[in-house]
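Work out the full structure: start from the sequences and follow the hints.
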Amino acid sequence: MSLALPSLSTKTQKPVGVSEVEEAAPLPTELTASTALQLWYEMMQTAILDGQDLTTVDNLGFNYIHYAALEGNLEVIEMLIEKGCNPNFVAQNHQQIIPLHWASLRGHGEAVAMLLKKGGDMNLGDSEGHTALLKAAQYGQTGVCQFLIASGCDPNQTDIHRHTALHWACYMGRMITSQYLIRAGCSIHDKDGELRTPLHRAVQVSNRAHLMIVSMLLRMGA
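Each residue of the sequence shown is one higher than the last, beginning at 657 in my numbering.
Certain hints may be false.
[As the list claims (entries may be wrong)] DEER-style ranges, computed between Cβ atoms:
id: 1; residue 1: Q835; residue 2: E731; range: 48 to 54 Å
id: 2; residue 1: S783; residue 2: N863; range: 28 to 34 Å
id: 3; residue 1: M868; residue 2: S843; range: 16 to 22 Å
id: 4; residue 1: D709; residue 2: H845; range: 46 to 52 Å
id: 5; residue 1: N749; residue 2: G775; range: 21 to 27 Å
Source of the hints: derived by calculation from the structure; they are not laboratory data.
All C-beta atoms in this analysis are idealised placements derived from N, C-alpha and C, irrespective of residue type, glycine included.
Structure representation (structure tokens):
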């Protein structure tokens, strides 16, 4: 569940769009059941072999290509696209994510490259405006951030709440990703919809990783 950002208070605040699941675990809750995922793969293989409709979604609103991207399965991604599956298939649920988002947050660089080559849109956001770059920044996938920016992605793109990739990396305590994004041209002075800079976001959480980011930003003149 996405949480709205309240006004400044003594409580720790999280940027709009960060779910409790994303903050606590590497994957959204619905993706943690490996047995269910295996069954879905078996259904997908049967559908491909039988020539069935590949535009169907499961009860969560995700298509075969979403799960292939999640696992970074290049062979299956390519096969699905060759059979007519849309590389920008939008999940039929409130998240509205595309396969590129899952490949990015999992750090599957080769899958990201393949999806882009096959027509994936790096500038397409989910329901919160989180693009592949913002997803990669949230999860500390520095390599994916590098690849996306090298492929022409704007390092200062924002979500619907005007959070940049740097806002997200600082809030989530991703030191290496934050350093890279700054070198890539992300501004340490950009303000989000709450008029908060990446430094404001970094100080919202008190642990070693965030303190290191705060120290770095202050040295840079934030």
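These are the hints, each one checked on the structure:
no.	hint	in the structure
1	Q835 x E731: 48 to 54 Å	34 Å, violated
2	S783 x N863: 28 to 34 Å	29 Å, holds
3	M868 x S843: 16 to 22 Å	20 Å, holds
4	D709 x H845: 46 to 52 Å	49 Å, holds
5	N749 x G775: 21 to 27 Å	22 Å, holds
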